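Read off the chains here:
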Amino acid sequence: QKEVEQDPGPLSVPEGAIVSLNCTYSNSAFQYFMWYRQYSRKGPELLMYTYSSGNKEDGRFTAQVDKSSKYISLFIRDSQPSDSATYLCAMNDYGGATNKLIFGTGTLLAVQP
Amino acid sequence: KAGVTQTPRYLIKTRGQQVTLSCSPISGHRSVSWYQQTPGQGLQFLFEYFSETQRNKGNFPGRFSGRQFSNSRSEMNVSTLELGDSALYLCASSPGLGLRTDTQYFGPGTRLTVL
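Chains as they are written, first to last, in this note's numbering: chain A, 46 to 158; chain B, -4 to 110.
Some hints could be false.
[As the list claims (entries may be wrong)] If you want a taste of the chain A side facing chain B, the calculated C-beta under 7 angstroms gives, among others:
hint: 1; residue: 88
hint: 2; residue: 126
hint: 3; residue: 150
[Claimed, not checked] Coverage of chain B stretches by chain A, computed from C-beta distances (three or more under 8 angstroms per stretch; other residues unrestricted):
hint: 4; segment: 26 to 40
hint: 5; segment: 83 to 91
[To be verified] Below, simulated BS3-like cross-link-like pairs (lysine-lysine); rule was C-alpha separation at most 25 angstroms, straight line:
hint: 6; chain 1: A; residue 1: 115; chain 2: A; residue 2: 47
hint: 7; chain 1: A; residue 1: 112; chain 2: A; residue 2: 101
hint: 8; chain 1: A; residue 1: 101; chain 2: A; residue 2: 115
hint: 9; chain 1: A; residue 1: 47; chain 2: B; residue 2: 52
hint: 10; chain 1: B; residue 1: 8; chain 2: A; residue 2: 87
hint: 11; chain 1: A; residue 1: 112; chain 2: A; residue 2: 47
FYI, nobody ran anything at the bench for these hints, they're computed from the structure. Note that the structure is predicted; figures quoted are calculated from it, not measured. The beta carbon of each residue, even a glycine, is placed where N, CA and C say it ideally should be.
Required output: the full structure, derived from the provided sequences and hints.
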């Protein structure tokens, strides 16, 4: 079983819809949770960064972490065609001196105009 | 400030050959991490370097190796290529190790195809 599970999709939604992307994980030591966006033929770009449980909002994006359920979510409001990309969740415990991230396999999102 | 650069962007090799990929981190960043991205496995951690020393290694065979130079640039090498090594190889740079902040930036990757 993978440490981080993510539905690969693809997920297709109409423009303006609310999108919900999710990951589950098994390692309770994870404390830092990230969402990356990756466009085709590009490297991952950091979207949201959250420490421990709770919510964080940045414009149209909201990240939620529920450590008790080992479940994290990314919500995209008023989705735009430019949001079409692969969304990757990533996490780390930073327990040692390392930048190693554990990634989900990514969810491919298509926002239809 | 220039981002992370990786060269070459695309490579085609045949089985049994070896390949060297290069990563130049953001100016001032001293840590470089490498990841392999495939459709089935997603991003998997290969290794990370800080101050020219390998600090952490993922679960990959010894055919995968790397190094970091005094200017923080890093190279990774894959010897005796196999078809399964076809992937996007990404590097990420950060000012240091374990900073617990959102300071890790990825390059565009090198697309390796093994025939």
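Structure-based check of each hint:
| no. | hint | in the structure |
| --- | --- | --- |
| 1 | 88 | holds, 4 angstroms |
| 2 | 126 | violated, 22 angstroms |
| 3 | 150 | holds, 4 angstroms |
| 4 | 26 to 40 | holds (count 9) |
| 5 | 83 to 91 | holds (count 3) |
| 6 | A:115 <-> A:47 | holds, 13 angstroms |
| 7 | A:112 <-> A:101 | holds, 14 angstroms |
| 8 | A:101 <-> A:115 | holds, 17 angstroms |
| 9 | A:47 <-> B:52 | holds, 18 angstroms |
| 10 | B:8 <-> A:87 | holds, 21 angstroms |
| 11 | A:112 <-> A:47 | holds, 17 angstroms |
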